[in-house]
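Asker: Below are the chains, spelled out letter by letter.
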Amino acid sequence: AQSVTQLGSHVSVSEGALVLLRCNYSSSVPPYLFWYVQYPNQGLQLLLKYTTGATLVKGINGFEAEFKKSETSFHLTKPSAHMSDAAEYFCAVSEAGGSTLGRLYFGRGTQLTVWP
Amino acid sequence: ETGVTQSPTHLIKTRGQQVTLRCSSQSGHNTVSWYQQALGQGPQFIFQYYREEENGRGNFPPRFSGLQFPNYSSELNVNALELDDSALYLCASREGQLDTIYFGEGSWLTVV
Numbered sequence: 001a002q003s004v005t006q007l008g009s010h011v012s013v014s015e016g017a018l019v020l021l022r023c024n025y026s027s028s029v030p031p032y033l034f035w036y037v038q039y040p041n042q043g044l045q046l047l048l049k050y051t052t053g054a055t056l057v058k059g060i061n062g063f064e065a066e067f068k069k070s071e072t073s074f075h076l077t078k079p080s081a082h083m084s085d086a087a088e089y090f091c092a093v094s095e096a097g098g099s100t101l102g103r104l105y106f107g108r109g110t111q112l113t114v115w116p
Numbered sequence: 001e002t003g004v005t006q007s008p009t010h011l012i013k014t015r016g017q018q019v020t021l022r023c024s025s026q027s028g029h030n031t032v033s034w035y036q037q038a039l040g041q042g043p044q045f046i047f048q049y050y051r052e053e054e055n056g057r058g059n060f061p062p063r064f065s066g067l068q069f070p071n072y073s074s075e076l077n078v079n080a081l082e083l084d085d086s087a088l089y090l091c092a093s094r095e096g097q098l099d100t101i102y103f104g105e106g107s108w109l110t111v112v
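The listed protein sequences derive, respectively, from chains S and D. Residue numbering for the first sequence follows this note's numbering, starting at 1 and increasing by one per position. Residue numbering for the second sequence follows this note's numbering, starting at 1 and increasing by one per position.
Treat the hints with caution; some may be incorrect.
[Stated by the list, open to error] These stretches of chain D come out as covered by chain S in the derived footprint (C-beta under 8 Å, 3 or more residues):
| no. | region |
| --- | --- |
| 1 | 40-54 |
| 2 | 100-106 |
[To be verified] Among the chain S residues that face chain D by a calculated CB cut under 10 Å, a handful are:
| no. | residue |
| --- | --- |
| 3 | V4 |
| 4 | L46 |
| 5 | F106 |
The hints are simulated quantities; they were obtained by calculation from the structure and are not laboratory data. We put the beta carbon where it would ideally sit given N, CA and C, even for glycine.
Using the sequences and the accompanying hints, generate a full structural model.
Answerer: Structure below.
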């Protein structure tokens, strides 16, 4: 079974500071990994995804994440936070095959606050 | 712009009533899935449809049902509404099984 743990339900950073949002997963098969962002009263927007190949994945808005199989982690980073980055961030995992192909398992989310 | 449109955006229902939520996907998106996102939680998978057949279901009771139509639209139906059904319901679609999943803006359901 798949599961996702996001460490820290709330993260606060100053504008210009490094953003680090943590995600660990469990999966019995090679996973696909995703980060989504949700702004207030909106749906989910894909930031980036890892399927195969290069383990460092670059996404939109300057975000990137690194897949570390040995640590079962997929942490999201951004070198310099901007006020517009304030939102809820969700890490998700999906199986790369099998009957539940494509089904996403989400973490509980991390609310990012950016202080001026 | 994801090309996935949901309606209505907000609605209020009374406990015990029935509700239908609608989703319109991009042309060619044969797979549609529905998620329930309770306040302060991550989205939870309800079920998935591929070419008008349900091919995956999460831990939701049978009173949650769905339909997918040939014109790439779909419905989520919930019968005998309970207070705990209050949530944001998200529709997601994709063309192939491994393609990028696109989410709609969601339908906010409040059960009173």
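Asker: Against each hint, give a clear statement of whether it holds in the structure.
Answerer: Outcome of the hint check:
1. 40-54: holds (count 7)
2. 100-106: With 7 residues close enough to chain S, the hint holds.
3. V4: Holds. Min distance 8 Å.
4. L46: holds, 6 Å
5. F106: Hint on S:F106: holds, closest Cβ of chain D at ~3 Å, below 10 Å.
In summary, this structure violates none of the numbered hints.
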